[in-house]
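Start from the sequences and build out the full structure, keeping to the hints where you can.
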Amino acid sequence: MLSQYRLPRKRRVAMLARTVRALAGARNAGTVPALAAQHFPPLRGRVEIIRDANGVPHIYAEQEPDLFAALGFLQAADRFVLLDIVRHFGAGRLCELVGNIAVPKDSEMFAGKRVGDLDAFIQPLGFEPQCERDYERLGERGRQCLEGFAAGINAALHAMRGVYPPEYLLLGAVRPWRPSDALLAARACAFAIALAPLDVELIFDAVRGQLGDDAARRFYPEAPWENVPASYPVVPGPEPEPPLHLTAGGSNNWAVSAERSASGAPIVANDPHVPLLPLPTFWYHAHLDCPRYRVQGGMMLGCPIFGFGHNGYLAWGCTTAYRDGWDLYRVQRLPGDASRYRTVSGTGAITKHREAQRARFGRAITIEWEQCEHGIIYPGWTHHDGADLALRVVPSDLAAYFDGYLALAESKTVEEHQHALARINDGPFDFNHVYGHKDGHIGWEPFGRLPRRQGDGLFVRDAHDPAAQWDGFVPFAQMPKMLNPARGFVASANSIVDPDKFRIATTRVHVEPRHRQLRIESFLAGNAAHSCETFAALQRDLGSDYGVPLRDALLGLCSAFAERSDAVGHAYRVLAAWNGDFTCDSAAAPLLAFTQQELARRVFAPLLGKETGRRYLNGRRAVLRVQQLLRDRSDPLHPDLERASGKSFAALAGEAFEAAVTRVVKQCGAQPERWRWDQFQRIRLGTILAELPLIGSYFLALDAPFPGDLYTVSPCVPIPASNGLRAFVGASSRFICDLAKPEEALFAHSSGPSGDISSPFFANLTVPWSRYEYFRSALWNPDEVPNPVERVIIGETKRPG
47 MLSQYRLPRK
57 RRVAMLARTV
67 RALAGARNAG
77 TVPALAAQHF
87 PPLRGRVEII
97 RDANGVPHIY
107 AEQEPDLFAA
117 LGFLQAADRF
127 VLLDIVRHFG
137 AGRLCELVGN
147 IAVPKDSEMF
157 AGKRVGDLDA
167 FIQPLGFEPQ
177 CERDYERLGE
187 RGRQCLEGFA
197 AGINAALHAM
207 RGVYPPEYLL
217 LGAVRPWRPS
227 DALLAARACA
237 FAIALAPLDV
247 ELIFDAVRGQ
257 LGDDAARRFY
267 PEAPWENVPA
277 SYPVVPGPEP
287 EPPLHLTAGG
297 SNNWAVSAER
307 SASGAPIVAN
317 DPHVPLLPLP
327 TFWYHAHLDC
337 PRYRVQGGMM
347 LGCPIFGFGH
357 NGYLAWGCTT
367 AYRDGWDLYR
377 VQRLPGDASR
387 YRTVSGTGAI
397 TKHREAQRAR
407 FGRAITIEWE
417 QCEHGIIYPG
427 WTHHDGADLA
437 LRVVPSDLAA
447 YFDGYLALAE
457 SKTVEEHQHA
467 LARINDGPFD
477 FNHVYGHKDG
487 HIGWEPFGRL
497 PRRQGDGLFV
507 RDAHDPAAQW
517 DGFVPFAQMP
527 KMLNPARGFV
537 ASANSIVDPD
547 KFRIATTRVH
557 VEPRHRQLRI
567 ESFLAGNAAH
577 SCETFAALQR
587 DLGSDYGVPL
597 RDALLGLCSA
607 FAERSDAVGH
617 AYRVLAAWNG
627 DFTCDSAAAP
637 LLAFTQQELA
647 RRVFAPLLGK
657 ETGRRYLNGR
667 RAVLRVQQLL
677 RDRSDPLHPD
687 LERASGKSFA
697 ALAGEAFEAA
707 VTRVVKQCGA
717 QPERWRWDQF
727 QRIRLGTILA
737 ELPLIGSYFL
747 ALDAPFPGDL
757 YTVSPCVPIP
767 ASNGLRAFVG
777 ASSRFICDLA
787 KPEEALFAHS
797 SGPSGDISSP
807 FFANLTVPWS
817 RYEYFRSALW
827 NPDEVPNPVE
837 RVIIGETKRP
847 G
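Here the sequence shown is numbered in our numbering, starting from 47 and rising by one per residue.
Think of the hints as simulated: they come from the structure by calculation, not from any bench.
A couple of the hints might just be wrong.
Taking lysine to aspartate or glutamate and the EDC-like style, the derived pairs with C-alpha atoms no more than 16 Å apart in a straight line are [to be verified]:
1) Lys458 <-> Asp485
2) Lys787 <-> Glu461
3) Lys787 <-> Asp485
4) Lys656 <-> Asp383
5) Lys527 <-> Asp612
6) Lys712 <-> Asp612
7) Lys398 <-> Asp383
Per label pair, the in silico range of CB-to-CB distance [as the list claims (entries may be wrong)]:
8) Val813 <-> Gly71: 17 to 23 Å
9) Trp516 <-> Gly432: 22 to 28 Å
10) Asp749 <-> Glu609: 38 to 44 Å
11) Asp546 <-> Ala80: 31 to 37 Å
12) Val835 <-> Ile550: 22 to 28 Å
From the three backbone atoms N, C-alpha and C, an ideal C-beta is built for every residue, glycine too.
Quick look at the structure:
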């Protein structure tokens, strides 16, 4: 067991005093702990660190491991709290850090669970020991880099001298960072993203059990029913539920070829959509420079790799692909021997596991599970027909993943870049990777290890079914790709990119709708001379091509309201005049948004029942299915919904519209000129402590109206708040690189790099980001960095001999 940095009472007093000074307005001049030679771990050569006026660190080192040591120091100084949370989350030891606290029962994200329920779900997946094993399998270069990163983090913790960030007045003891923790951080983040597709599969199966397959086919017409292993009778019953429900995220990226570029070179853009809270933003902006490479962009939380960036030759960006990466199996135990189950070859063993886990503020919790060849069998995870369920996740190779990203950073040719992607493909993430090369190449190459199946992983299958087994993994060379297409652009937005080849990786049920995808493609196709300015215009786009047909369908269903003189009639006419934009001042945007929500409850709850209805309405697809029903009056699900509710769809739509109007009037008053989207949807950006009563406002960076919709290019995925909606997921960073100038790019971030409210780099980038403003940053030499605010040189150049 590693030693821990415990907090004697006098250190807690010092932490509290520092926090009080910060609340009183005290501000640091720069990084804390200070960028001073005595604070850094032993280095191999000369290192120079410069922070520019935006807080972006530019790190120059003679030896690559020293780059990562300096980076680790800075990340710990700026955001160790988030690094610590993500590694505890990935290890299934969050109770140890925060305690086995209960989440409110009305929480949509945690479904009223305890933190221990989350640990009990994650720990059996074995991410922490896997990452420890994969670290040992890294090449010498990769191990040295992660050792340097860990040494830098621990040097910063040591330099804090027990006066840690104020969150540790509430959190557990600080323990040193291990080199393998960086791999664990990557695995944890990938797992969080992958929970959305798992939830989709569980809800899909619950609907099958509730309705039977005949009606389920009408409910999910986009599912690959040609692969259904066996039809279900109607067997309603409880369905397993993950302890965490993350609201669907998203992201956009695209690239145009030289032929569609005003500069004569490809242009690449990315705006990854991740949770907007807590601050600081998920992505850590850094510029690294050593003899092997110069690279800049957004680095992942806790794992020093560039999810998006540029290196003077190539520029790249990522979006989530929502691969079909989980399988659920019905496990048939042998009569009289619960430790064995049926398999294709005969029988297989089921082993029991039980572990005690420490919990802050309380006694240890006990985690129990069973395991077999087909995955984890959690307590209580039974299929609605009574069989036990095993959950199997696609394994990953974190060693190949990290080595691949090192190769990606130094790739100078398209071929080197593609070889790096082939290594990254074995890692835990499933990303749509869009990139461009300064010589003219553009490409979309998704990565993420996929099982080779006879069918798909959407349907629950029997563990003993020969057609349900995995036959290795799909080679990266056989993954869908789009290289230098004749249309002159590539784009992805968490949906189907290539309609002809997507079945290799996913199903239409797993992915997001094509709303953003089609809007982006239309915009790119409509201009033959794109520039950074046109790309920025697309990143701030709030229009909805999908909204106008929904408007027209709703107006048709509610035409009886057209001549009314009350608030409902005013609302009808406001909606009729709407142009489809989800701007802050839109009066119609809340009418459409709330009508969709109200209509979903009215049509799905009677059909699906209380429990399955709750799961479906809280999932990703309820609003999308309502949109399909609105657009298509011949949708075969209409009769099912009308029989279950006892009302016509038009009557239900009218009730939903009137309920939406009532909500708008209650908040804004009866006068339509006072109706605005920003009266309901806001953004609150702050650290974890911003959620506390009384003192929370001191830890806020922004509290303001926020535009957008779930499916606008500039998005807002909200969660319910006390009097409306709170932006939860959005484009926390934006990136544009015109490869006519491959050494520079435009960036925007929803926060500065630091989570310390005393730091000059806490919220320095937040307001410009909220205004869709960018700053320029480049692969500058040390003497070229404009407006440096901090600089330190450690060590001397080693001379030969």
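Here is how each hint holds up against the structure:
1. Lys458 <-> Asp485: 11 Å, holds
2. Lys787 <-> Glu461: Violated, because 21 Å separates the two Cα atoms, which is more than 16 Å.
3. Lys787 <-> Asp485: OK: Lys787 and Asp485 at ~11 Å, within 16 Å.
4. Lys656 <-> Asp383: 36 Å, violated
5. Lys527 <-> Asp612: Cα-Cα ~55 Å, so violated.
6. Lys712 <-> Asp612: Measuring from Cα to Cα gives roughly 14 Å; hence the hint holds.
7. Lys398 <-> Asp383: 13 Å, holds
8. Val813 <-> Gly71: 17 to 23 Å: Holds - the Cβ-Cβ distance for Val813 and Gly71, about 19 Å, lies within 17 to 23 Å.
9. Trp516 <-> Gly432: 22 to 28 Å: The hinted range 22 to 28 Å holds for Trp516 and Gly432, with Cβ atoms some 25 Å apart.
10. Asp749 <-> Glu609: 38 to 44 Å: 41 Å, holds
11. Asp546 <-> Ala80: 31 to 37 Å: 57 Å, violated
12. Val835 <-> Ile550: 22 to 28 Å: 49 Å, violated
The earlier numbered hints that this structure contradicts are 2, 4, 5, 11, 12.
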